[in-house]
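What follows is each chain in one-letter form.
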Amino acid sequence: MALLNELAKKKEGLVSGHRLCPGCTHSVIMRQVFAAADTDKYDIVIAAATGCFEVSTGLYPYTSWNVPWIHTAFENAASTIAGVETMYRVLKRKGKVKKDIRFIAIASDGGTYDIGLQALSGAIERGHQFLYICNDNNAYQNTGNQRSSATPFGGSTTTSPNGKVKFGKEQPRKDIMSIIEGHHLPYAAQASPSNWRDLMNKVKKALDVNGPTYINVIEPCTTGWGFPPEKAIEIAQLAVDTCVWPLYEVENGKIKINYKPQKKLPVVEYLKPQRRFAHLFKKGNEHVIEEFQRQVDEQWEWLLKREECGL
Amino acid sequence: MGKKVALTGNEAAAHAIRQIEPDVIAAFPITPSTPIPQAVAQFIADGEMDTELVTVESEHSAMSACIGAAAAGGRVMTATSANGYALMWEMLYIASGMRLPIVMAVVARALSAPLNIHGDHSDIMGGRDTGWIQIIAENSQEAYDGLIQAVKIAENKDVMTPALVAMDGFNISHAIEIWEMEDDKAVKDFIGEYKPLFPLLNTDDPVTHGAWAPPNWYFEHKMSQLKGLLAAKDVVAKVGKEFGEVFGREYGLYEAYKLDDAELVIVAAGSVCGTTKDVVDKLREEGQKVGLLKIRLFRPFPYKELADALQSAKAIAILDRVSPAGAQGGPLFNEIRSALYDTPTRAPIINYTYGLGGRDTQPIHINSVFDRLKKIVETGKIEKQFDCLNLRGEWR
Numbered sequence: 001m002a003l004l005n006e007l008a009k010k011k012e013g014l015v016s017g018h019r020l021c022p023g024c025t026h027s028v029i030m031r032q033v034f035a036a037a038d039t040d041k042y043d044i045v046i047a048a049a050t051g052c053f054e055v056s057t058g059l060y061p062y063t064s065w066n067v068p069w070i071h072t073a074f075e076n077a078a079s080t081i082a083g084v085e086t087m088y089r090v091l092k093r094k095g096k097v098k099k100d101i102r103f104i105a106i107a108s109d110g111g112t113y114d115i116g117l118q119a120l121s122g123a124i125e126r127g128h129q130f131l132y133i134c135n136d137n138n139a140y141q142n143t144g145n146q147r148s149s150a151t152p153f154g155g156s157t158t159t160s161p162n163g164k165v166k167f168g169k170e171q172p173r174k175d176i177m178s179i180i181e182g183h184h185l186p187y188a189a190q191a192s193p194s195n196w197r198d199l200m201n202k203v204k205k206a207l208d209v210n211g212p213t214y215i216n217v218i219e220p221c222t223t224g225w226g227f228p229p230e231k232a233i234e235i236a237q238l239a240v241d242t243c244v245w246p247l248y249e250v251e252n253g254k255i256k257i258n259y260k261p262q263k264k265l266p267v268v269e270y271l272k273p274q275r276r277f278a279h280l281f282k283k284g285n286e287h288v289i290e291e292f293q294r295q296v297d298e299q300w301e302w303l304l305k306r307e308e309c310g311l
Numbered sequence: 001m002g003k004k005v006a007l008t009g010n011e012a013a014a015h016a017i018r019q020i021e022p023d024v025i026a027a028f029p030i031t032p033s034t035p036i037p038q039a040v041a042q043f044i045a046d047g048e049m050d051t052e053l054v055t056v057e058s059e060h061s062a063m064s065a066c067i068g069a070a071a072a073g074g075r076v077m078t079a080t081s082a083n084g085y086a087l088m089w090e091m092l093y094i095a096s097g098m099r100l101p102i103v104m105a106v107v108a109r110a111l112s113a114p115l116n117i118h119g120d121h122s123d124i125m126g127g128r129d130t131g132w133i134q135i136i137a138e139n140s141q142e143a144y145d146g147l148i149q150a151v152k153i154a155e156n157k158d159v160m161t162p163a164l165v166a167m168d169g170f171n172i173s174h175a176i177e178i179w180e181m182e183d184d185k186a187v188k189d190f191i192g193e194y195k196p197l198f199p200l201l202n203t204d205d206p207v208t209h210g211a212w213a214p215p216n217w218y219f220e221h222k223m224s225q226l227k228g229l230l231a232a233k234d235v236v237a238k239v240g241k242e243f244g245e246v247f248g249r250e251y252g253l254y255e256a257y258k259l260d261d262a263e264l265v266i267v268a269a270g271s272v273c274g275t276t277k278d279v280v281d282k283l284r285e286e287g288q289k290v291g292l293l294k295i296r297l298f299r300p301f302p303y304k305e306l307a308d309a310l311q312s313a314k315a316i317a318i319l320d321r322v323s324p325a326g327a328q329g330g331p332l333f334n335e336i337r338s339a340l341y342d343t344p345t346r347a348p349i350i351n352y353t354y355g356l357g358g359r360d361t362q363p364i365h366i367n368s369v370f371d372r373l374k375k376i377v378e379t380g381k382i383e384k385q386f387d388c389l390n391l392r393g394e395w396r
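Chains as they are written, first to last, in our numbering: chain A, 1 to 311; chain B, 1 to 396.
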């Protein structure tokens, strides 16, 4: 991979002027994606689901996109890009489009784990060639931090609030990666903008695969999670180092863990700097942190075992 | 030269689609429109058309994929019915709001509950305000001819609005009729080549499709979109005339059947018009001044033309194949009555709901409507403004 100062010279697909919150990592992730893409070889077309990223970059009469971009609704980035990609194949065959184009759908966890799951499943099953990137900010942040099925166990949101008798979300996160893997697609991975080189490698790989690919990216949200804007990448790194967000990829059914922390940090290190978990540190909620740690450990051990067994 | 064929309405739609040969079709099977994507899949499998069929996992995704494909820059079609159409509802607004000339065959069917797979207009009337051009066919021929014309109407640069052609579920979709199928080449020549305005796939000139517009822009967008929809009225007339010149079957915004001097008039849309025409013929033989105003273009609603066509009427009955759902009469009744408000002649007007969930409507029922109109003219009294045709027992 090229050096950072060379990557910095590459043409950007997402340019300045967008209205994302200070410290939001949506744009950081997308810039890493464009830096990874081999845009000398192919052009990129983007489909976005309704969400923070969409409303902040595509506000009429402005746009922050330097590449063709389409948004239609919340739950259908996958089926929208499937239509675009199908038309591309037809027009290419008919000689009406000459260029090589790769397709990327971007959605957050609401448009992926929840309302968009069906469209995503259908598009992957049909084998459209596109990369689906889920910027997972753990809740419906565009509408003001409501619970999603990606919200972590114990996390407080406006619809899973911490209260006198409740401690936040009572269920663990949905294991979207396993659901995606169940489609036996050629490539799926989990990445973090804190480990940019790893993320870029994954994007590059995914864009070169013939068929649908999926990358789940942690997207720390300053407003929803409650941390100072300058801490976003640090929080992402803590998620990785505590194994709350393991970095791994599944290529043709085989798992590879891309990062094993030399010292796996306890989850409290990740939970502490975030307002959404503040209530867990109050007396009486110790069992929630213990359970959180147990769930993280169990998932991590399972991934290690899979890798060891070559599955 | 065209040829006479004996095929179902669904086959008529499928052959129109084969001859139009759109670049992409995205469809999810739903009764009674299922035979359309099935036939298309077979045409493609047999190499009879060069189209990519996206076998999506739902109608919501069908319309989403159609939107993506149309924005990408090619010709796009689909077909659906009933709950499938309802599942598309959100995306129907998005297709029209993004000004994408998608063409859809709707095999009109009842909406659940109770579950019912048979014909009525609940689906198309439910989506009448989604900004789509809506053409309603009386029979297979009109469904076939309508789909071909719809491509040209939707893609007109002043229109750039999606269009649907509806035919009644089972009454038309599954009934075998004799109709004229034109030559493949003649159809292709008629619709011409599609040249997209702002294709997403033109990466040299990147465009943003589907931006979000806050209060300082949304209103302007919707009103500008409305101009496109309203422009479709003249284009429907123009394309209907051109179609007549090329294929010998001319179409207007509506059909006036023995309406010139008609005093007792039925207004209806869809397959019931065939039955009504038979009844009109019989009553005319008896010397009664009866007629039918058949709705063809329902959206945009050509209210002036339709009101003008009703000026000779002394009593009017509007047949709605949908429940009024708490409104003052069915949708067609509302439209027609509103259209007549500004005209010199405001004949007494009554409304019937008929044929819900595939309930049969026979000449005897149409006769009863004309009888009622006759009585209204004789007595000058409307005893019952809203009624049902062929409903078990009295309604209210």
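Think of the hints as simulated: they come from the structure by calculation, not from any bench.
Hints may be right or wrong, so weigh each one.
Only pairs whose alpha carbons sit at most 25 Å apart, straight line, appear in this in silico DSS-like list of lysine-lysine [what the hints assert, rightly or not]:
#	chain 1	residue 1	chain 2	residue 2
1	A	K96	B	K258
2	B	K195	A	K96
3	A	K263	A	K305
4	B	K188	A	K92
Next item on the list: Would you check the hint for K195(B) and K96(A), treating anything up to 25 Å between C-alpha atoms as holding?
Entry: Holds, at roughly 11 Å.
Next item on the list: Quickly compare the C-alpha distance for K96(A) and K258(B) to 25 Å and report which way the hint goes.
Entry: Violated. K96(A) to K258(B) sits at ~50 Å, over the 25 Å cutoff.
Notebook entry, point to check: For the pair supplied as a hint, K188(B) and K92(A), is the alpha-carbon distance within the 25 Å limit?
Noted result: Roughly 21 Å separates the two Cα atoms, so the pair holds.
Next item on the list: Sort out whether K305(A) lies within 25 Å of K263(A), counting only the CA atoms.
Entry: holds (18 Å)
In this structure, the one hint that does not hold is number 1.
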